[in-house]
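*Asks:* So you can see what is in the structure, the chains are spelled out below.
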Amino acid sequence: MTTGPAEIFDLGYRGYEGQRTSRWRRRLAIWRDGVRISLGLGRGAGAKFASWLLIGLALVPMVVLVVISAFLSPAEEASEDFELPSYADYYDWALVPLTLFAAVVAPLLLCPDRRDGVLSLYAARPITATDYVGSRWAAFLTVSALAAWLPVAVLFTWNGLDAPSIGSWLGDNWDVVPRSLAAAAAVVVPLTTLSLLAASFAKRRAYAAVATLAVVLVGSAVGGIGEENFDGSVADVISLVGLPDVTLDTVRWIFSDELGDQQRAGWVSGLWLAGVTIVLAVWLLQRTRQLVRE
Amino acid sequence: MALLHARDLTKNYGSVRALDAVTFEIDEGITGLLGSNGAGKTTSLKIFMGLIQPDGGSAEVLGQDPRVSPEFRARIGYSPEHDCLPAGVSAAEFLAYMAEVSGLPRTPARLRASDMLRHVGLFEERYRPIGTYSTGMKQRVKLAQALVHDPLLAFLDEPTAGLDPIGRREMLELIRRVGRDFGISIVISTHLMGDVERACDSVVVLDAGRLLRTGAVSGLTEETETLEVDLVEGAPALLDALAARGLTARLDGSRLTLERVTGEDYDVIRDAIVASEALLYRLAPARLALADVFSAPAVDPDEKAGEPA
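Chains U and S, in that order, are what the protein sequence lines are. Position one of the first sequence corresponds to residue 187 (the numbering used here), numbered consecutively onward. Position one of the second sequence corresponds to residue 83 (the numbering used here), numbered consecutively onward.
Hints are supplied without guarantee of correctness; some may be wrong.
To be verified - Listed below are the simulated DMTMM-like cross-link pairs for lysine to aspartate or glutamate, each with C-alpha atoms no more than 25 Å apart in a straight line:
hint	chain 1	residue 1	chain 2	residue 2
1	S	220	S	197
2	U	389	S	279
3	S	220	S	279
4	S	220	S	240
5	U	389	U	480
6	U	234	S	175
7	S	220	U	480
8	U	389	S	165
9	S	220	S	255
10	U	389	S	175
11	S	220	S	165
Please keep in mind that the hints were generated in silico from the structure rather than gathered at the bench.
Please work from the sequences and hints to get the whole structure.
*Replies:* Below, the structure is given as structure tokens:
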């Protein structure tokens, strides 16, 4: 067998002649990237640490409580002493890691793009500023909503398994599913919008995280002081600046639980929360458009 | 075929007029958008990409009004002057993502990202984080991301900024290759006349928001009636020999410059060189430099819609 001399074929540049995707697919690409950033996927251990720790802090206590309940349930006396939290009550605890998650992780989605100048490349792509920030927000909302909803889903599942008849229990409690989804949304939609808005004003992630926490904590403190020093409707109005309290009231209203000390109706908290979120979202959109034009 | 039209384009920032009724066209090939800082280059690019609205006039890119929809940007590439690359991501990952955002499906996006990094000479380094790259490598990644989705037209803002002379030459050669072999038209926004002279087929010269000149680079650097004679030795002797033959020359170091030289004068100069025994290095008509364009008067407003770039 004879072999000829080796030849190298350089195909040179070849243009792309295939199908180009729709705008929704481009938004999906940004959403997928946002989910990966939120969870630290494809990044080093350091990038994953904060995300998974805070998601774990929201989820693991519920898992532990359910496991304890599962061990105690055969012993009737012991199980009577141990009571699992209600769906709404669990957010009294979960709101803390979820707020930290929003404050710490949201800046990862916007600050590096702004600091590294990548925004100008998005601006030159066939998408709008609304596509960009909407996809980023949707990505962060997806991850946050899962972190907020999973603990309730675990509790719901255990309650069903622990019931004498799972069929009749589901028939009586099916409404918990839409309520839990609505509650998770009430918790994370304002938080993600606020934290992304803070991130849009800072190039450094730490500044954005501190700004988010400052708004939440200062608002909560002012609301608490207002409730202590004023009575009636004045106290109720002042307490509206406390985002965590308003959120928890909304969650209790969604689950038809007993509300806190104030006389404000649950739907008022819900309406106020929705209004604040819309204002924050419009502000975030305007801010992103301004950044892209720069 | 004109890829881009600017018609009476006007843009004000407060009381500052960034563009003053500028009209020009850009054809296929490599075009330089030349001007000093504040000439209106970046403002023009932003209008062409639909990022800002003109206060007057109109722009048309690839046959579309940039204000109407962002869809036309699927066939536009852009590389900004400033840093625009994330430090912690590999070039391959970043380019594939940018290709997806530009409208390529996922698998072709990945393939083209690797292919494009091969074309700009970064194939071996494609999985390294961009933060570890040198300035020259980053400039190549910036170029690659502007081309990864196979645009028809790419805007490169100061593509040689921050590069050393060798890196600059390599980048300009790469740009020439993109324009010549890839079939992608390029608009280079720059304040460096050397870059335009080396890389561009045509040029649009802006100055303080006004159109100064537009046309082929070869036309703007055409030969003149001035003859330059560079000598290794014997310049004074040649000066005397030329004077004896009735030709006036100006001596500057080892270069003699003769103005308004006619065809017959070349024979006289040849004889003078032989007679003076001067050692000739180069004899050629002087060419206009792009720098001379800036000292010439601006385009007459009535003629500004004339010759396309």
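*Asks:* Let me make sure I understand: some of the numbered hints might not hold for this structure. Which ones are they, in numerical order?
*Replies:* 2
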